[in-house]
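A.B. asks: What follows is the residue order along each chain.
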Amino acid sequence: MIFSFDLLVDAIVSGILIGAFYAAVTAGITLSFGILDVVNIAHPGFIILGSYIVYIISLNLGIDPIIAAILVTPAFYVLGAAIYQVYYVSFEKRGQESMRGLAFFFGILFITEVSLVLYFGVDYRYVEARYIGPTWHFGFVDIPLRILVPCLVSLLLIAALQLVLTRTFIGRAIMAVAQDELALRLMAVDPIRIKRIAFGISIATAALAGAFLIIIQPVEPSVGREYIGRVFAICVLGGMGSLPGTLVAAMLVGIVESLTSTFYGPSWAPAVSFGFLLLTLAVRPAGLLGR
Amino acid sequence: MTALLEVRNLGKRFGGFVALEDIALSVQPGERVGLIGPNGSGKSTLVNCICGTLRNEAGSVHFDGRPLDGSTAHQRTRRGVARTFQLPRPFASLTLAENLRIPLLYTVATRGGMPHTASHIDARCLTLLREVGLDGKAHRLPGDLTQVEMRKLELVRAMAAEPKLLIADESMAGLTHSEVEEILILLKRLNEQGVTVILIEHIMRAVMSFSQRLVVLVSGRKIADGEPNAVVREPEVERAYLGQ
Amino acid sequence: MRTDIFLIVSLLIGACVYGLAATLGNDYYFFAGYVVLQYVVLATAWNILGGYCGYVNFGSAAFFALGAYSTVALYRFHPMPIPVDVVLGGVASGIVGLGTGYLTLRMRGAFFAIATLALAVVLETLVVNWDYVGGSRGAYIVRPETIAPFGSYIKYLFAIMLLLAIGSITVARLIERSRLGYGFATIRDDELAAEASGVPTLRLKLVATTISGALMGMAGAPFPYYIGYLQPSSAFGLDYAVNSIAMPLIGGTTSWVGPLIGAVLLGSLQQIATVTISSAVNLLIVGFLLVGFVIVAPNGIIGLVQKYVQHRPLRQVGRRHIKADAPEATP
Numbered sequence: 053m054i055f056s057f058d059l060l061v062d063a064i065v066s067g068i069l070i071g072a073f074y075a076a077v078t079a080g081i082t083l084s085f086g087i088l089d090v091v092n093i094a095h096p097g098f099i100i101l102g103s104y105i106v107y108i109i110s111l112n113l114g115i116d117p118i119i120a121a122i123l124v125t126p127a128f129y130v131l132g133a134a135i136y137q138v139y140y141v142s143f144e145k146r147g148q149e150s151m152r153g154l155a156f157f158f159g160i161l162f163i164t165e166v167s168l169v170l171y172f173g174v175d176y177r178y179v180e181a182r183y184i185g186p187t188w189h190f191g192f193v194d195i196p197l198r199i200l201v202p203c204l205v206s207l208l209l210i211a212a213l214q215l216v217l218t219r220t221f222i223g224r225a226i227m228a229v230a231q232d233e234l235a236l237r238l239m240a241v242d243p244i245r246i247k248r249i250a251f252g253i254s255i256a257t258a259a260l261a262g263a264f265l266i267i268i269q270p271v272e273p274s275v276g277r278e279y280i281g282r283v284f285a286i287c288v289l290g291g292m293g294s295l296p297g298t299l300v301a302a303m304l305v306g307i308v309e310s311l312t313s314t315f316y317g318p319s320w321a322p323a324v325s326f327g328f329l330l331l332t333l334a335v336r337p338a339g340l341l342g343r
Numbered sequence: 014m015t016a017l018l019e020v021r022n023l024g025k026r027f028g029g030f031v032a033l034e035d036i037a038l039s040v041q042p043g044e045r046v047g048l049i050g051p052n053g054s055g056k057s058t059l060v061n062c063i064c065g066t067l068r069n070e071a072g073s074v075h076f077d078g079r080p081l082d083g084s085t086a087h088q089r090t091r092r093g094v095a096r097t098f099q100l101p102r103p104f105a106s107l108t109l110a111e112n113l114r115i116p117l118l119y120t121v122a123t124r125g126g127m128p129h130t131a132s133h134i135d136a137r138c139l140t141l142l143r144e145v146g147l148d149g150k151a152h153r154l155p156g157d158l159t160q161v162e163m164r165k166l167e168l169v170r171a172m173a174a175e176p177k178l179l180i181a182d183e184s185m186a187g188l189t190h191s192e193v194e195e196i197l198i199l200l201k202r203l204n205e206q207g208v209t210v211i212l213i214e215h216i217m218r219a220v221m222s223f224s225q226r227l228v229v230l231v232s233g234r235k236i237a238d239g240e241p242n243a244v245v246r247e248p249e250v251e252r253a254y255l256g257q
Numbered sequence: 147m148r149t150d151i152f153l154i155v156s157l158l159i160g161a162c163v164y165g166l167a168a169t170l171g172n173d174y175y176f177f178a179g180y181v182v183l184q185y186v187v188l189a190t191a192w193n194i195l196g197g198y199c200g201y202v203n204f205g206s207a208a209f210f211a212l213g214a215y216s217t218v219a220l221y222r223f224h225p226m227p228i229p230v231d232v233v234l235g236g237v238a239s240g241i242v243g244l245g246t247g248y249l250t251l252r253m254r255g256a257f258f259a260i261a262t263l264a265l266a267v268v269l270e271t272l273v274v275n276w277d278y279v280g281g282s283r284g285a286y287i288v289r290p291e292t293i294a295p296f297g298s299y300i301k302y303l304f305a306i307m308l309l310l311a312i313g314s315i316t317v318a319r320l321i322e323r324s325r326l327g328y329g330f331a332t333i334r335d336d337e338l339a340a341e342a343s344g345v346p347t348l349r350l351k352l353v354a355t356t357i358s359g360a361l362m363g364m365a366g367a368p369f370p371y372y373i374g375y376l377q378p379s380s381a382f383g384l385d386y387a388v389n390s391i392a393m394p395l396i397g398g399t400t401s402w403v404g405p406l407i408g409a410v411l412l413g414s415l416q417q418i419a420t421v422t423i424s425s426a427v428n429l430l431i432v433g434f435l436l437v438g439f440v441i442v443a444p445n446g447i448i449g450l451v452q453k454y455v456q457h458r459p460l461r462q463v464g465r466r467h468i469k470a471d472a473p474e475a476t477p
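For the protein sequence lines, the chains are A, B and C, in the order given. Every number in my numbering is 52 more than the matching position in the first sequence, counting from 1. Every number in my numbering is 13 more than the matching position in the second sequence, counting from 1. Every number in my numbering is 146 more than the matching position in the third sequence, counting from 1.
I should point out that these hints are in silico values taken from the structure, not numbers from a laboratory. Each statement offered as a hint is correct.
Restricting the straight-line Cα-Cα distance to at most 30 Å, the calculated cross-link-like pairs of lysine-lysine (DSS-like) are:
no., chain 1, residue 1, chain 2, residue 2
1, B, 177, B, 150
2, A, 145, C, 453
3, C, 453, B, 150
4, B, 150, A, 145
5, B, 150, B, 201
6, B, 177, B, 201
Keep in mind the model is a prediction, meaning the values are calculated, not measured.
Using the sequences plus the hints, can you model the full thing?
C.D. replies: As structure tokens, this is what we get:
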């Protein structure tokens, strides 16, 4: 293939846009795995669940998918808090999170996917919105609105989460809970409650990420699996538990994937994130922007 | 006499935090050395660097005349450096006898000289457990043990590796007066058998009665090293512990 | 029981199983039995790393598919006798197991688990893009109708899988009772303490990933002949990954008996359920059983039996070291 500057710039721009979306997808993992040390491999499952719920709501009520997702976040928050409670009582308290806890989340991922297959089948589903379809052209760079809108809302989400984590009492408690549970207890804060809240927030972001996903591409139940390698690669690459790091790493992965699919073909893109993950783990375990 | 353990210019940092700086320490064969220092002074970090759990960026550790640098924790154990952990870390799914079997199989047997038969190993485990009075619980799981029993298991597992040097990291924290006495007797007996012991401890009474020499760490630096009674009277040591 | 006697007894039991299936006079039992036996191998292989060492492998499907696709690749080159496929499939998967272990085992266990999950996705990507083995279209393997002295070919495949199952159980049992098995248990319990006791943890973990990966590949090697038409989606099926975790965890992870019980129970249940209800529903059942068991019966069926029948002390599994709330005494 002849190297083309146009294609390169176009690929980089779409990589950045999709990267912002990846950051939203990963934000939940950054909270649960990065900060709380809960290896929630079921997170992509919750994202797909979010996509389908947004799909049903926007189909039946005719409202915008992002608004629908915002309406759903409280329910996801409660779901997340409940799951953390089960996880805490069954695994963390017994000291069995390393194997049985992982199997638990794997089981949840699996149950989510199979239930969706049973209920919706394996056909692709998509949503309708005004911004799905039109594309803005800037010279040779094409920016489809169905990617730009999720990208912008993703950036808002990351910014909001970062504000919560750094500026509010709860947020600081969340950041502290992983470092020093004892200190929190001394301040009469229940670390389990803080973790429950954080995990609830983490799952709540999955509702929004699910909406972004189904806006960007049609969704079927097994799509989530592709995101497992990607989100963990981004989380590790971003230095575990840092939202700004997550954003930068997500854009990096987005750009490399976009270049790969432009110059080698889209069927190779899933291998990129795994390559990143392995490289990061092998070469620089603290992540690119590690602490 | 050449030193058994020779630590030279050892340095360790965690990110920007300097945990240990320019530590020099020399321990003679058969010596009983006490290592003290306030919380966070780097005692455990030093132990971890000597035992290979952490890698030191600067300096070197020589043991028995040869460098330890670059070898992994298990290689160091096999060379003859055994340690206990500050919080006991038993193998929770193995019985007490099986806990002792591990150093026998993986350390003593690799040095040769120990018969491999199962009955010999079982007998050795029981003998060791008897030394600390745990033989009655040989087939129980560590989860059934009390605080002091757990600490004894931790010690006897290190002893089972037949070390030349035993580093006991706070083996007595949280124990009663008489329990501390028990552990001290155990360590002294071990020392009489020719094992060099470094005792890291907060309980001054225990350290003072045990140690022939006292080393003091403060904020990652060695500030004193010498005869225990003289060391505790040094103004710098007094200041570190009482002053400010 | 000594290993040689154990092996003879298992071979006799195996012969009885084969005889029983043959007297039923319907090849269906061989087809169904093959799948159950395949799960016995997968579950046992998973447990060598997962149960003994405490490292969770989510990528069983990848290792299984690697075995299956090495057979396809060989078949395209030149059809070989299945035992050769089994050995080569085992070698290929063992090497990938070693490589995955080498890259990830220096990290905490969670990273290994995540890497294996991603490994499945990547290997599938590679296979989909590899035209020699059929790419996304899949590959046909022509299965001979009959083979001497078994008669129908499925009987031959069944016999091979039976031997593989017996072999892997024997390996697992051998490990359990050896120095290696004790080393694995210390890795599961506490790696720092293991190193301090002289256990070369990294090397042992690599031994475990290699053996476990190799056995999974061996289980996958005859699969193209069983299914006749191999597609990436069937070789990399999520049901392999789920079952090979669910079966040991439901059966019990501390001994070779657990995966065997889990695989026979769950495997048979699924074979019956696939006939009576849809296969998706039956996978859903496996998912719920897995989640239910890890919450309610952490030591699996073996644990339940020990608890209610023998009153023997349970061997706790999992990384647990007792938290000593020792107050820091100041001098």
